[in-house]
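So the sequences go chain by chain: A and B. Each residue of the first sequence is one higher than the one before, starting from 398 at the first, in my numbering. Each residue of the second sequence is one higher than the one before, starting from 209 at the first, in my numbering.
Fair warning: there could be bad hints in the mix.
Heads up, simulated DMTMM-like pairs for lysine to aspartate or glutamate below, C-alpha to C-alpha not over 20 Å straight-line [as the list claims (entries may be wrong)]:
{"no.": "1", "chain 1": "B", "residue 1": "K391", "chain 2": "B", "residue 2": "D367"}
{"no.": "2", "chain 1": "B", "residue 1": "K435", "chain 2": "B", "residue 2": "D419"}
{"no.": "3", "chain 1": "B", "residue 1": "K684", "chain 2": "B", "residue 2": "E481"}
{"no.": "4", "chain 1": "B", "residue 1": "K681", "chain 2": "A", "residue 2": "D571"}
{"no.": "5", "chain 1": "B", "residue 1": "K521", "chain 2": "B", "residue 2": "E439"}
{"no.": "6", "chain 1": "B", "residue 1": "K391", "chain 2": "B", "residue 2": "E473"}
{"no.": "7", "chain 1": "B", "residue 1": "K521", "chain 2": "A", "residue 2": "D571"}
{"no.": "8", "chain 1": "B", "residue 1": "K435", "chain 2": "B", "residue 2": "E550"}
{"no.": "9", "chain 1": "B", "residue 1": "K684", "chain 2": "A", "residue 2": "D467"}
{"no.": "10", "chain 1": "B", "residue 1": "K427", "chain 2": "B", "residue 2": "E550"}
{"no.": "11", "chain 1": "B", "residue 1": "K681", "chain 2": "A", "residue 2": "E483"}
{"no.": "12", "chain 1": "B", "residue 1": "K521", "chain 2": "B", "residue 2": "D442"}
Quick caveat, the hints were computed from the structure, so don't treat them as lab data.
What follows is each chain in one-letter form.
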Amino acid sequence: MSSLAAAPQRRGRLARLLLGDGSRRPRNDVRRRIGEKPWTPYLFLAPHFIIFAIFILFPFFFGIYISFHDWFGGRAGPFVGLRWYEQLFTPSSLQFARFWNSVVNTLIFVVLSTPLLVGAGLFLASLLNQRLRGRNVFRGIYFVPWTLSVSVVGLIWWWMFNGNAGFVTLAMRDFLGWSPNWLASNPWAWISILIATLWWTIGFNTIVFLAGMQGISADLYEAAAVDGANKWQQFRSITLPSLRPILLLVITLQIIASFQLVGQPQLMTGGGPPSSLGGETTPALLHIYNVGFQGRRELSLAAAMALVVAAMMVVVSIVNFRLFSSERS
Amino acid sequence: MTNSAPRRRSRVASSADARRRLSIWPVLAAFVLVAAACSGNQGGQSAGPGASGPSGTGAGDTAAPSDGGSGGIQPPEGDVKLTVWNPFTGPDGNFFNAIVESFNKEHPNIQVTVETQPGAEYVARLEAAQSANQLPHVIAAGYDALPQLVENGILVPIDDLAQQGGYDASMFPEAIWNAGQWKNQRVGIPIDTHPMVFYYNKKLFTEAGLDPEKPPTDKESFEAAIKAISEKTDADGYQMVASGPGANFLVGIQFAALFYQGGGEWTSQDFSEATFNSDAGVQAATYLAHLVKDLGVPKVESDAEINAFQQGKNGMVMSGIWETTRYNDALKDDLGVAPVPEIFGPGTWGGSHNLAVTSAAADDPNLKQAAYYFIDWFSKNSLQWGAAGQIPARNEVRESDEFKNASGEGLLPLIAQMAPMAESVKFLPTIPGGGDLLFVGQGAGEAATLAINGSDPKQALDAAAQYNTEVLKQNKQRYGF
């Protein structure tokens with residue numbers, strides 16, 4: 398990671414992060430020298446590409462195919478054209494209100510969680526980048542939750558927040574004489590989900606930021622210190638600008654990750670508090686899951702919903718990238 | 209401003225690079241695809257907080273089924289290997305295995321192998337097995353799953369089994385027998401029913417000045433018990449689920465019981481219209497809301513009421529019969545069980561497991577014979593299935609002295625106490641998606657949950673019924689019923 402941050406400046410920032418620096422070598426010479434065939438690189442790419450094709454490319458196009466048909470209850474059905482898309486965009490249809498309610502819920506979570514998780518990750522990384530005793534232990538501690546599966550995280554925080562025997566609920570009742578109904582009323586339900594998500598995923602952002610920070614030359618800080626800049630000035634004028642490509646990466650990944658919210662509300666609130674629109678914390682992906690894999694299993698309708706949400710994610714990612722790359726500091 | 213490197217960097221990455229920057233879009237797109245592709249499975253059906261489904265119960269004695277199999281269905285000639293799938297991941301799986309073990313001992317030429325599959329993935333695994341040509345020969349499944357499995361070609365009708373074995377409505381409670389039927393064909397032989405029953409804490413009853421041997425039987429005594437326990441003990445008299453992952457289910461079964469008690473029908477005769485917004489439905493949802501509004505019953509998250517009852521903090525609870533083991537372990541002699549109080553009349557919600565034959569056994573006469581014989585034998589020997597925590601469906605088993613006078617360790621004595629409920633239990637229509645009327649989003653359970661949270665019961669039920677009528681119309685067309 399540190400080498401990425403200091404990579405040459407040819408490509409776009411994100412491209413450089415994802416694809417490497419792309420510096421040119423006299424390729425043919427090298428090839429001849431090591432006996433490389435022209436198709437050798439493709440051989441190296443093949444293992445991943447095959448898995449990518451089977452598990453992502455194929456399902457994606459198959460999903461598009463299904464969304465134009467009427468698949469339900471575990472069996473294939475006839476071609477129905479745009480029926481499901483029409484329903485999703487017709488306000489009077491029975492699908493409309495619940496689907497868009499779940500999309501709005503997802504957007505609420507993206508808006509709330511992205512600044513929080515990016516900001517907290519940056520903050521933690523700055524702390525962990527200091528010279529302090531047991532630094533590696535702390536780095537480990539913050540990263541460990543990220544290795545857990547969502548079912549474990551959901552259960553842990555359900556036990557913290559549930560209204561009957563939740564640790565937080567009981568502790569607050571004992572010490573404050575009052576506790577909100579964490580999982581059954583808003584804004585508390587969203588706050589519980591945010592706390593669980595923060596605890597679970599903060600380690601990843603922190604580690605990425607930390608790697609970026611370690612790639613910043615110490616000379617810059619020394620020079621700044623000589624000029625009399627304090628810590629905050631150093632952070633604003635050295636750390637932040639140097640981290641910009643990393644920041645773009647983390648924010649993009651964070652938005653995508655937040656769009657994918659599903660397990661925490663599914664396990665902690667069940668999508669509730671209940672509302673006539675299908676639950677106040679039901680995110681789009683949970684709604685899609687319920688439609689496609691519960692009860693009647695309306696797979697085609699769910700596929701159409703998934704594609705609409707995926708299209709939104711692409712748009713948001715593009716906007717986000719444009720915003721960051723057009724800015725000039 | 210000591211910073212210059214990044215500034216330089218951004219200037220370099222200018223117009224000439226715009227074209228090359230395009231090359232990241234496939235990568236970004238890939239991320240989004242990964243996101244979309246992965247999201248379906250995250251969270252999945254993992255156990256979640258507590259348990260809200262009929263997974264399992266059971267304790268105590270191992271099974272020793274009595275001799276059977278002398279009915280009309282004869283065992284096949286020659287050696288047969290039969291595979292049976294069941295969804296019994298709880299302790300009930302052990303009882304099922306024990307019954308099969310004695311079958312195998314008794315019939316050296318028919319060897320039955322049992323495979324237990326997780327209930328949440330049961331249908332999906334059957335579908336996968338179907339496409340891989342690996343279907344088992346016999347499956348145990350809830351009645352509500354049968355029509356869809358028949359339509360998808362996984363199960364086959366077994367009218368001839370019923371005929372050969374002399375199975376008819378006289379051998380089972382009528383509702384249980386009818387639930388195993390789809391498009392006027394027999395598709396499953398019922399082995400049990402698992403109704404919602406009424407549990408109470410005898411110790412709290414005594415503390416509250418109530419007679420621990422006289423559980424409430426009607427509206428007045430039920431509400432009096434709620435008040436007495438709430439006022440005279442530290443515990444709640446009753447708790448009402450109002451949110452959480454299991455809310456639609458846990459509220460749904462209470463709604464269904466009251467709905468049946470008021471004489472409600474889920475759909476019109478021809479399944480073209482959802483009718484749970486009838487007076488019986490409104491009455492049922494209104495009553496659940498009334499408990500919260502007028503009697504001060506606290507609203508809780510799903511499963512909280514179950515945990516509180518176990519801990520002695522909740523005096524009464526209506527739960528599926530599969531919770532008996534849990535409650536029995538926690539409360540021991542303080543646990544009381546009884547039929548659901550007749551708020552509006554007799555009736556309760558329930559499910560029913562059936563044994564059914566798959567298309568894998570349909571073509572080979574010997575396999576088919578073995579499958580029929582096994583189902584017949586299991587039905588006759590379902591007394592021990594009662595020990596697993598479910599009420600045996602077959603009348604002669606429930607009426608046997610062995611069952612009625614069951615005593616000692618294990619669940620059988622408790623189950624025998626609850627057995628009369630098998631007569632009043634009712635079911636959702638046996639159609640594809642029948643369970644959706646009650647349990648999934650925009651079903652009656654969700655409408656009742658909204659009513660508990662203060663929505664107008666009639667409005668909530670009307671909206672849900674309107675949606676389900678649309679769904680029924682669509683499904684009638686899709687499945688031709």
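Going through the hints against the structure:
1. K391/B x D367/B: holds, 12 Å
2. K435/B x D419/B: holds, 14 Å
3. K684/B x E481/B: holds, 10 Å
4. K681/B x D571/A: violated, 54 Å
5. K521/B x E439/B: It holds: about 13 Å lies between the C-alpha atoms, which stays within 20 Å.
6. K391/B x E473/B: Status holds; Cα separation ~19 Å.
7. K521/B x D571/A: The given pair, whose Cα atoms are some 17 Å apart, holds under the 20 Å limit.
8. K435/B x E550/B: Distance of about 18 Å is within 20 Å: holds.
9. K684/B x D467/A: holds, 14 Å
10. K427/B x E550/B: holds, 7 Å
11. K681/B x E483/A: holds, 19 Å
12. K521/B x D442/B: Status holds; Cα separation ~7 Å.
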